[in-house]
Amino acid sequence: MSQVSQLKFGTTLYALTNEFLSRRYSFEQLLEETAARRIGPGLEIVGFQSIRGFPVITDEFAERFKMLVEKFHLTPTSLAINADQEIRRGTVMSVDEMVAYHEPQMRAAAKLGFPVARYQYGAGPEVIRRLAPLAEKLGVKLGLEIHAPQHANHPDVLKFREMYAKVNSPYLGWIPDFSSTARTVPPSFLAHFRARGVAESLIDLAMEVWQGTGDAQTRMGQYKERARAAHANEIHLNELSLIFPMFGHEDPRGWLELMPAVVHIHGKFFGFDSHGNEEAIDYAALLPLFRDNGYAGFMSSEWEGHMYSDADAFEMIERHQAMCRRILAAA
Amino acid sequence: MKKNRVMTSVVIGDGGVAITPTGFRIDIRLPWYRSLPVSTVAIDSVSIDGVAVDSANVTFELDGRQFALSAMADQVDTVWYVLDSAYLNVKSDRVDPGAAHEFAVTMSLYPPYIRGLRRMTQDRIVLNAS
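Protein sequences appear in the order of chains V and B.
The first sequence runs contiguously to residue 331 in our numbering.
The second sequence runs contiguously to residue 1130 in our numbering.
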């Protein structure tokens, strides 16, 4: 039975990467435009993108940020933090170093009023276990972003699930990213490769293998082997191999197992079909799962087409949220 | 207003190439969505009219500080903020201000949270005769 949706909308400034990096919009102007287009109220930012000097947050920046959020009626949802384990190439940080690397990023989230810090697999379960008390003290939930090629039951995620079960803290949670549960590879992404002269036969091969079974790494290996046997262009075959880590075709119902501890959602999207539906991700299957199982948090509209398209990201987000509202209003 | 671009493909910034008394200077951008330590950035090649410049004749400049290309990998505490331009200062005797030239830069990024990933981006620009 469907329920009244308590899911709340928002935008991640990551979707607006081209608008920001091209220097067309300042950070402040991005917030202003997000409010003007009504694609908040949720606001997610990437610390190392939006903030100079991150993770150091000056009092001046924090005050200005809080003033802007209030002025534009936005709600800080998630601060994306990073597990930069290999800053010195060839040397991986120890657990102690990784704990020390995450702490100031979590403090930054608290100082700016973000209730959630998005973290990455690279942190590892032991580092996050050790950070749980700080998360509790700061009132900032640590959310693991589960992104393709991983998924709810992937071995990498199971390690965190085991640790979560032992620690049993309400400050440890999940951030499903819909890239894990795509129906197909976005046609707009394949069109980008065609426009670059990638052979149709290579795209057909990649899609045939992508749709098969097995983990992403195995399928990528199979694809490369077959493409090389067919004498495909080496640069093209490597570029196209990105589809294996970028998109997974797991069953959306896998998210149900994580549901009680979902602290945020990345509403990943790329483009739309002629009916206004997402071209590769089945939102009609995904959104009711969250709505009907009690999820009452935010979903950031996370357009990632900016990696290959210069389309207006604000317009893409408007279309995404209109689609989501339509789906949630239907039975 | 400036045109939107796919910024993660952009290496040569809006400032383009400037001819200098000893060669040329290129405005470069970080082709990634976030700031990175300089240690995770490498300049693989700089070329003029298809001819690679000896890397010993190129320096990487960020916030007024100059680094030899070979010293970049050690700059673990120097962060390239994603909105900032850096510059490549190149010694070259191939520049003829009266002629058109094509300049190309190839950069590799080693995003520090994705082990084993090397992301290579090449960008080029043609500077017409002055």
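Treat the hints with care, as some may be off.
Pairs of lysine to any residue residues, derived as SDA-like cross-links and limited to a Cα-Cα distance of at most 25 Å, are as follows [unchecked claim]:
id, chain 1, residue 1, chain 2, residue 2
1, V, K224, V, N238
2, V, K111, B, R1034
3, V, K111, B, G1064
4, V, K8, V, E70
5, V, K111, B, T1078
6, V, K224, B, T1121
7, V, K66, B, I1114
8, V, K159, B, R1115
9, V, K111, B, P1037
10, V, K224, B, S1108
11, V, K159, B, P1111
12, V, K224, B, G1116
13, V, K159, B, M1120
14, V, K224, B, M1120
15, V, K224, B, R1034
16, V, K224, B, T1078
17, V, K224, B, I1114
18, V, K159, B, T1121
19, V, K224, B, P1111
Calculated from the structure, these hints are not laboratory results.
Distance restraint between V:K111 and B:P1037, which requires alpha-carbon spacing of 25 Å or less: With a Cα-Cα distance of about 24 Å, the restraint between V:K111 and B:P1037 holds, given a limit of 25 Å.
Hint consistency between V:K224 and B:T1121 [alpha-carbon to alpha-carbon, up to 25 Å]: holds (21 Å)
Distance restraint between V:K159 and B:T1121, which requires alpha-carbon spacing of 25 Å or less: Roughly 35 Å separates the two Cα atoms, so the pair is violated.
Hint consistency between V:K224 and B:I1114 [alpha-carbon to alpha-carbon, up to 25 Å]: The hint holds at about 20 Å.
Hinted pair V:K111 and B:G1064, Cα distance within 25 Å: Roughly 31 Å between the alpha carbons, so the hint for V:K111 and B:G1064 is violated.
Agreement of V:K159 and B:P1111 with the hint, judged by alpha carbon distance not exceeding 25 Å: Between V:K159 and B:P1111 the Cα gap is close to 23 Å, so the pair holds against 25 Å.
V:K66 paired with B:I1114 [C-alpha distance capped at 25 Å]: This hinted pair is violated, its Cα atoms lying about 32 Å apart.
Distance restraint between V:K224 and B:R1034, which requires alpha-carbon spacing of 25 Å or less: Judged against 25 Å, a Cα distance of about 30 Å means the pair is violated.
Satisfaction of hint between B:G1116 and V:K224, Cα-Cα up to 25 Å: holds (17 Å)
25 Å limit on alpha-carbon distance, applied to hinted pair V:K159 and B:R1115: holds (19 Å)
Hint consistency between V:K159 and B:M1120 [alpha-carbon to alpha-carbon, up to 25 Å]: Answer violated: V:K159 to B:M1120 is near 32 Å, above 25 Å.
Restraint status (C-alpha distance of V:K111 to B:R1034 at most 25 Å): Given that 25 Å is the threshold and the Cα spacing comes to 21 Å, the pair holds.
In terms of the numbered hints stated before, the structure departs from hints 3, 7, 13, 15, 16, 18, listed from lowest to highest.
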